[in-house]
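Q: Sequence:
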Amino acid sequence: MKKSLTFRLWSIGKAFEQRGHEVFSVEWSKDFENIDLYEEISKVTAEDILKLFGKPDVICCIQPPLSGDLPADRRRPGNGLQGI
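Per the numbering used here: the sequence shown = residues 44 to 127.
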């Protein structure tokens, strides 16, 4: 079975599960249930991942669009960033 580690990607994690991956999730907020590791992503090391989850085949990570820095944020109507 392939292993996938996701950060803030629950829907993508579910898609990986549907394709036979064993998925582990990391989240800093304890407002979410069924998370394997509650920790700030900047504090998680490669050694932590290997120790807790083994060697993943896939790692997915995304920062939520808070600042408008992501290209996708620039296309969202109403955010004042179109065309930047």
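Hints are computed from structural coordinates only; laboratory data are not their basis.
Any given hint could turn out to be false.
Stated by the list, open to error - Taking lysine-lysine and the DSS-like style, the derived pairs with C-alpha atoms no more than 30 Å apart in a straight line are:
#1 K94 with K73
#2 K98 with K86
#3 K73 with K86
To be verified - Cβ-Cβ distance ranges computed for the label pairs, FRET-style:
#4 E90 with Q61: 16 to 22 Å
#5 S85 with R62: 25 to 31 Å
#6 E60 with K98: 25 to 31 Å
Please read all numbers here as calculations on a predicted model, not as lab measurements.
Each residue gets a CB set at the ideal place from its N, CA and C atoms; glycine is no exception.
Q: The structure should be examined with respect to each hint, and the outcome stated for every one.
A: Hints and how they fare:
{"no.": "1", "hint": "K94 with K73", "verdict": "22 Å, holds"}
{"no.": "2", "hint": "K98 with K86", "verdict": "18 Å, holds"}
{"no.": "3", "hint": "K73 with K86", "verdict": "16 Å, holds"}
{"no.": "4", "hint": "E90 with Q61: 16 to 22 Å", "verdict": "30 Å, violated"}
{"no.": "5", "hint": "S85 with R62: 25 to 31 Å", "verdict": "29 Å, holds"}
{"no.": "6", "hint": "E60 with K98: 25 to 31 Å", "verdict": "18 Å, violated"}
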